[in-house]
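Q: For reference, the chains in residue letters:
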Amino acid sequence: NAGVTQTPKFQVLKTGQSMTLQCAQDMNHNSMYWYRQDPGMGLRLIYYSASEGTTDKGEVPNGYNVSRLNKREFSLRLESAAPSQTSVYFCASSGGRGTDYGYTFGSGTRLTVV
Amino acid sequence: AQTVTQSQPEMSVQEAETVTLSCTYDTSESDYYLFWYKQPPSRQMILVIRQEAYKQQNATENRFSVNFQKAAKSFSLKISDSQLGDAAMYFCAYWGTSYDKVIFGPGTSLSVIP
Chain A
1 NAGVTQTPKF
11 QVLKTGQSMT
21 LQCAQDMNHN
31 SMYWYRQDPG
41 MGLRLIYYSA
51 SEGTTDKGEV
61 PNGYNVSRLN
71 KREFSLRLES
81 AAPSQTSVYF
91 CASSGGRGTD
101 YGYTFGSGTR
111 LTVV
Chain B
1001 AQTVTQSQPE
1011 MSVQEAETVT
1021 LSCTYDTSES
1031 DYYLFWYKQP
1041 PSRQMILVIR
1051 QEAYKQQNAT
1061 ENRFSVNFQK
1071 AAKSFSLKIS
1081 DSQLGDAAMY
1091 FCAYWGTSYD
1101 KVIFGPGTSL
1111 SVIP
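The listed protein sequences correspond, in order, to chains A and B.
Each residue of the first sequence is one higher than the last, beginning at 1 in the working numbering.
Each residue of the second sequence is one higher than the last, beginning at 1001 in the working numbering.
To be clear, the hints were calculated from the coordinates, so they are not data collected in a lab.
All of these numbers come straight from a predicted model, not from anything done at the bench.
Please note that a few of the clues may not be correct.
Claimed, not checked - Stretch by stretch, here's where chain A covers chain B in the computed footprint (C-beta under 8 Å, at least three residues):
#1 1044-1058
#2 1065-1076
#3 1105-1112
Just so it is clear, CB atoms sit at the ideal spot from N, CA and C, and this is done for glycine as well.
Take the sequences, apply the hints, and build the full model.
A: Right, dumping it as structure tokens:
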């Protein structure tokens, strides 16, 4: 099925460990995004890529890095995980600026840092 | 900067009744899109309904309809004949045509009482 695929769905890390969250879309979308969702905080943008070859910081980029590997794939890396990064992470994609259908979301990754 | 406000953190509705979720936004743009997303306990983000700012007619999708008041910058969601499956977090969202990303409100948690 066409859509946005995120892996893994669940992950437990120890403080200081690193990991990469993977995201791939098969809708030929230009733009991709990483959000985190915390209780009472809504969705907060970590990084986004408006087009292949570009990345920009969102509201909460500290502690994260991203790579737009190609048009399909946009990964999020935690270099040294901290308990404050315990959250649910969503990847999303869109056709780009002003797209009238908004985002298509992945199913999310629940990350726990102990 | 654009902002989206949802003033009702939590709401409840009796099954088969009607409920309205409120959303206001702040923008200086004249051309934009508005969305309501639903997030059930499965955490999947689902697009419920969208509205194009240049269209005066309110959008409708089955039991879901909006009341779009452009001058007042208001975009409320009405759910008719509420069902147990409507229980979810609902996010109002804004996308200006000159911006690379969607702005989300903080969400309203809707409970449906049998």
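Q: Each hint needs a verdict: does it hold in this structure or not?
A: Against the structure, the hints come out as follows:
Using a Cβ-Cβ cut-off of 8 Å, 5 residues of the region 1044-1058 of chain B lie near chain A, which meets the minimum of three, so the contact claim holds. Judged by the Cβ-Cβ criterion of 8 Å, the region 1065-1076 of chain B is not covered by chain A as claimed, because only 0 of its residues qualify and three are needed. Counting residues of the region 1105-1112 of chain B whose CB falls under 8 Å from any CB of chain A gives 3; the rule of at least 3 is met.
Of the numbered hints stated above, the single one contradicted by the structure is hint 2.
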